[in-house]
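Enquirer: These are the residues of each chain, in order.
Number of protein chains: 2
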Amino acid sequence: MMYSILDWKPKIGILGGGQLGWMMILEGRRFPFTFYVLESDKSAPACKIADKCFSPEQYKEFVDSSDIVTFEFEHVYDKALEYAEESGKLLPKLNTVELKRERYKEKIFYKEHNLPTPRFFIANDGEEALKILKEEFNGVGVLKESRGGYDGKGQYFIKSDIEKYEFLKNKKEKFVVEEYVNFDFEASVIVVRDKKGIIANYPPTFNYNEKGILVYNYGPYYNQEIVNIGKKLSEELDYIGTMGVEVFVVNGKVLINEFAPRVHNTGHYTLDGAFISQFEQHLRAIVGIELGSTSIISPSGMVNILGTDRVPHEVLRYGKIYWYSKAEVRKRRKMGHINVVGNNLEEVKQKIDKIIELIYPNGLDL
Amino acid sequence: MMYSILDWKPKIGILGGGQLGWMMILEGRRFPFTFYVLESDKSAPACKIADKCFSPEQYKEFVDSSDIVTFEFEHVYDKALEYAEESGKLLPKLNTVELKRERYKEKIFYKEHNLPTPRFFIANDGEEALKILKEEFNGVGVLKESRGGYDGKGQYFIKSDIEKYEFLKNKKEKFVVEEYVNFDFEASVIVVRDKKGIIANYPPTFNYNEKGILVYNYGPYYNQEIVNIGKKLSEELDYIGTMGVEVFVVNGKVLINEFAPRVHNTGHYTLDGAFISQFEQHLRAIVGIELGSTSIISPSGMVNILGTDRVPHEVLRYGKIYWYSKAEVRKRRKMGHINVVGNNLEEVKQKIDKIIELIYPNGLDL
Numbered sequence: 577m578m579y580s581i582l583d584w585k586p587k588i589g590i591l592g593g594g595q596l597g598w599m600m601i602l603e604g605r606r607f608p609f610t611f612y613v614l615e616s617d618k619s620a621p622a623c624k625i626a627d628k629c630f631s632p633e634q635y636k637e638f639v640d641s642s643d644i645v646t647f648e649f650e651h652v653y654d655k656a657l658e659y660a661e662e663s664g665k666l667l668p669k670l671n672t673v674e675l676k677r678e679r680y681k682e683k684i685f686y687k688e689h690n691l692p693t694p695r696f697f698i699a700n701d702g703e704e705a706l707k708i709l710k711e712e713f714n715g716v717g718v719l720k721e722s723r724g725g726y727d728g729k730g731q732y733f734i735k736s737d738i739e740k741y742e743f744l745k746n747k748k749e750k751f752v753v754e755e756y757v758n759f760d761f762e763a764s765v766i767v768v769r770d771k772k773g774i775i776a777n778y779p780p781t782f783n784y785n786e787k788g789i790l791v792y793n794y795g796p797y798y799n800q801e802i803v804n805i806g807k808k809l810s811e812e813l814d815y816i817g818t819m820g821v822e823v824f825v826v827n828g829k830v831l832i833n834e835f836a837p838r839v840h841n842t843g844h845y846t847l848d849g850a851f852i853s854q855f856e857q858h859l860r861a862i863v864g865i866e867l868g869s870t871s872i873i874s875p876s877g878m879v880n881i882l883g884t885d886r887v888p889h890e891v892l893r894y895g896k897i898y899w900y901s902k903a904e905v906r907k908r909r910k911m912g913h914i915n916v917v918g919n920n921l922e923e924v925k926q927k928i929d930k931i932i933e934l935i936y937p938n939g940l941d942l
Numbered sequence: 577m578m579y580s581i582l583d584w585k586p587k588i589g590i591l592g593g594g595q596l597g598w599m600m601i602l603e604g605r606r607f608p609f610t611f612y613v614l615e616s617d618k619s620a621p622a623c624k625i626a627d628k629c630f631s632p633e634q635y636k637e638f639v640d641s642s643d644i645v646t647f648e649f650e651h652v653y654d655k656a657l658e659y660a661e662e663s664g665k666l667l668p669k670l671n672t673v674e675l676k677r678e679r680y681k682e683k684i685f686y687k688e689h690n691l692p693t694p695r696f697f698i699a700n701d702g703e704e705a706l707k708i709l710k711e712e713f714n715g716v717g718v719l720k721e722s723r724g725g726y727d728g729k730g731q732y733f734i735k736s737d738i739e740k741y742e743f744l745k746n747k748k749e750k751f752v753v754e755e756y757v758n759f760d761f762e763a764s765v766i767v768v769r770d771k772k773g774i775i776a777n778y779p780p781t782f783n784y785n786e787k788g789i790l791v792y793n794y795g796p797y798y799n800q801e802i803v804n805i806g807k808k809l810s811e812e813l814d815y816i817g818t819m820g821v822e823v824f825v826v827n828g829k830v831l832i833n834e835f836a837p838r839v840h841n842t843g844h845y846t847l848d849g850a851f852i853s854q855f856e857q858h859l860r861a862i863v864g865i866e867l868g869s870t871s872i873i874s875p876s877g878m879v880n881i882l883g884t885d886r887v888p889h890e891v892l893r894y895g896k897i898y899w900y901s902k903a904e905v906r907k908r909r910k911m912g913h914i915n916v917v918g919n920n921l922e923e924v925k926q927k928i929d930k931i932i933e934l935i936y937p938n939g940l941d942l
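As you go down the protein sequences, you meet chains A and B in turn. Residue numbering for the first sequence follows the working numbering, beginning at 577 and increasing consecutively. Residue numbering for the second sequence follows the working numbering, beginning at 577 and increasing consecutively.
Fair warning: there could be bad hints in the mix.
Unchecked claim - Derived contacts from chain B toward chain A, CB cut-off under 8 Å, selection only:
#1 R606
#2 V757
#3 F761
#4 V863
#5 T870
As the list claims (entries may be wrong) - Here are the simulated DSS-like cross-link-like pairs (lysine-lysine), alpha carbons at most 30 Å apart as the crow flies:
#6 K585(B) with K902(A)
#7 K624(A) with K902(B)
#8 K902(A) with K587(B)
#9 K910(B) with K618(A)
#10 K628(A) with K624(B)
#11 K624(B) with K624(A)
#12 K624(A) with K907(B)
#13 K807(A) with K910(A)
#14 K587(B) with K907(A)
#15 K930(A) with K585(B)
#16 K747(B) with K587(A)
#17 K585(B) with K585(A)
#18 K665(A) with K624(B)
#19 K771(B) with K628(A)
#20 K628(B) with K902(A)
#21 K628(B) with K624(A)
#22 K829(B) with K628(A)
#23 K636(A) with K910(B)
#24 K618(A) with K907(B)
#25 K618(A) with K628(B)
#26 K902(B) with K910(A)
#27 K587(A) with K910(B)
#28 K771(A) with K587(A)
#29 K907(B) with K585(A)
#30 K624(B) with K910(A)
#31 K587(A) with K687(B)
#32 K624(A) with K910(B)
Claimed, not checked - Here are the simulated distance ranges between beta carbons:
#33 K655(B) with S631(A): 51 to 59 Å
#34 N804(B) with E801(A): 46 to 54 Å
#35 E866(A) with K655(B): 34 to 42 Å
#36 E866(A) with N920(B): 18 to 26 Å
#37 R906(A) with K655(B): 40 to 48 Å
#38 K787(A) with N804(B): 26 to 34 Å
#39 Y579(A) with D941(B): 12 to 20 Å
#40 L942(A) with L940(B): 34 to 42 Å
If you are wondering where the hints come from, they were derived from the structure by calculation, not from laboratory data. Glycine is no exception: its CB is placed at the ideal position from the N, C-alpha and C atoms.
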């Protein structure tokens, strides 16, 4: 181990230029690090503050210029991911991304490692998926396209209206057919694991999603079962870095919904509620610096700004803005978020409610 | 007042590219602001993360391109300051800078406004200064060159060795001759005042300076007299923005040492100890956004990294690094700082002591 933090000034390559990369760089600027980003859209948040932004075709140059390569988005840049893995620079490693490329592999992984998850079957195409749904779940459940799903994309929540989903018969890809979980609430935990295998976790949070997108979350919600599941998952994956694990809580039981092999939206609160954020921990883990404390210094939470750039000034009475300065507002798009802190969970939740009223005076339109 | 935070996306010009500007930009990146910096050294911390860095000769273009002009260093760029004031863009206004250009004006201001400060005389040159020191203070006191003093520059602490200072006789500039204050300790308060005249303050801190440079500080040190003095000063100056007011505490009495018309080194702890930092408050004040809370969320403090780039990894067990990435290490130069938080003042102080041992194993060399 080197004596001084300044003995190594690594160049860190980040795949993806979205807000997660942006916050990673903002946090990382306090260290002697250089940041490169690979991203097709030069106006993306992280590109604007990176030392250099590479286009996807320049992936070899990007990887060759970096000492360490990580990612803030796991669904694209396959060539870059693979080349970074071959070069021995990718952290976390490709095994975690592989699970996210195909949902069915993620579900099988949970099953094989005794990690509790909603009951599921794997279908080879849309037709089979509908058939399984009828036979095994009485026509009520969730169909998920195996590829490319995030923020609710490619997911179909089918209740008593299965006839509306006949069009899925034409889909020739794999599906996960899952039981519909009537959860009490959703929650998540942010886990960090370093190169020595030391694992730390922030306290879990209560999450509120709508149409597959996180709207707000807050904590701490101390639940050891969630923590144990998150830690076990990171260990079984031999994971290095920060990850987010989303769960359903139903009748006191915990079921994994999915994990994200990266810093996570439900961990944004750590920028203000904790001394060391999920972003700094990720950088510490991949660079090989001892992890910092994951204790919180205050009950805290977060509200996403979705699909709007109308943010009343009054919001700043209750929270702190993180505006991603994206070039264009689009429906459902994450434009920014507001972090809040409070003396207790009730105060945090009240501030969140106030902020939601102010940002979405006519209700959420997702 | 505009409805949305996004209705105005001001371009903010910062005079000076040091670490204070750097932290202002890092904090300001969360808002829809653009940042320009005026700085002769392109490798300066703030230049590296600004949207554009202008050279001093480009001061007109810099001011004309900015909607608001502020500064992180008040001792240079006179033309730019004056042109920004003429353009009606400078905040805080030039009156505050004028007091800092000439120490004797600052002292007279305190006297005229009944703000307690160490007893002083004004001398027209070095010879007169030495004469006053002998006659009024029995040869023991502090001689301060009236111009260009900061970080202990141009200050002479004379005890029983006045004969060593004969060389000052040749100095033809104004001096402040001040009593030597045998203070119990030093302290400071960070005050913010907005365009409506609303004043907020962080809790004061205990400060430890050596040879005119801040080494560490921590708080909260609740002392209403310090707060009142800081607020009064900001009001009398019709100040807009964040300022730091440094005081001596002696036998329970408070005397102003000096103020800084900008974000201040003793307010760096607010990046982690408070929800809203001194940097964000400064930006809110000059842009015209309602100030945020100045409550702290944790006892906290800061250690400066002075004149070295040897920072053992172990430091990160106790605190959070802010490394300014300056091109060159120089004696006494502020290279970075470490913020700490703790459950109480004792814990914060213990962490500070630990960090000082680690960074300065052979003692401070200033």
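Enquirer: Look at each hint and say if it fits the structure.
Expert: The hints, checked one at a time:
1. R606: 5 Å, holds
2. V757: 36 Å, violated
3. F761: 26 Å, violated
4. V863: 11 Å, violated
5. T870: Status violated, d = 13 Å.
6. K585(B) with K902(A): Holds. K585(B) to K902(A) sits at ~13 Å (cutoff 30 Å).
7. K624(A) with K902(B): 21 Å, holds
8. K902(A) with K587(B): 17 Å, holds
9. K910(B) with K618(A): Given that 30 Å is the threshold and the Cα spacing comes to 34 Å, the pair is violated.
10. K628(A) with K624(B): 12 Å, holds
11. K624(B) with K624(A): Judged against 30 Å, a Cα distance of about 12 Å means the pair holds.
12. K624(A) with K907(B): 34 Å, violated
13. K807(A) with K910(A): Between K807(A) and K910(A) the Cα gap is close to 28 Å, so the pair holds against 30 Å.
14. K587(B) with K907(A): 28 Å, holds
15. K930(A) with K585(B): 24 Å, holds
16. K747(B) with K587(A): Judged against 30 Å, a Cα distance of about 50 Å means the pair is violated.
17. K585(B) with K585(A): 34 Å, violated
18. K665(A) with K624(B): 26 Å, holds
19. K771(B) with K628(A): 38 Å, violated
20. K628(B) with K902(A): Satisfied, since the Cα-Cα distance of roughly 19 Å is no more than 30 Å.
21. K628(B) with K624(A): 12 Å, holds
22. K829(B) with K628(A): Measuring from Cα to Cα gives roughly 54 Å; hence the hint is violated.
23. K636(A) with K910(B): 38 Å, violated
24. K618(A) with K907(B): 40 Å, violated
25. K618(A) with K628(B): Measuring from Cα to Cα gives roughly 17 Å; hence the hint holds.
26. K902(B) with K910(A): 35 Å, violated
27. K587(A) with K910(B): 24 Å, holds
28. K771(A) with K587(A): Holds, because 18 Å separates the two Cα atoms, which is no more than 30 Å.
29. K907(B) with K585(A): 22 Å, holds
30. K624(B) with K910(A): The given pair, whose Cα atoms are some 27 Å apart, holds under the 30 Å limit.
31. K587(A) with K687(B): Outside the cut-off at roughly 54 Å; violated.
32. K624(A) with K910(B): Holds. K624(A) to K910(B) sits at ~27 Å (cutoff 30 Å).
33. K655(B) with S631(A): 51 to 59 Å: 41 Å, violated
34. N804(B) with E801(A): 46 to 54 Å: Given range 46 to 54 Å: holds, Cβ gap about 52 Å.
35. E866(A) with K655(B): 34 to 42 Å: 48 Å, violated
36. E866(A) with N920(B): 18 to 26 Å: Cβ of E866(A) to Cβ of N920(B): about 24 Å, so the range 18 to 26 Å holds.
37. R906(A) with K655(B): 40 to 48 Å: 45 Å, holds
38. K787(A) with N804(B): 26 to 34 Å: Given about 53 Å between the Cβ atoms, the range is violated.
39. Y579(A) with D941(B): 12 to 20 Å: 18 Å, holds
40. L942(A) with L940(B): 34 to 42 Å: 57 Å, violated
Of the numbered hints listed earlier, those contradicted by the structure are 2, 3, 4, 5, 9, 12, 16, 17, 19, 22, 23, 24, 26, 31, 33, 35, 38, 40.
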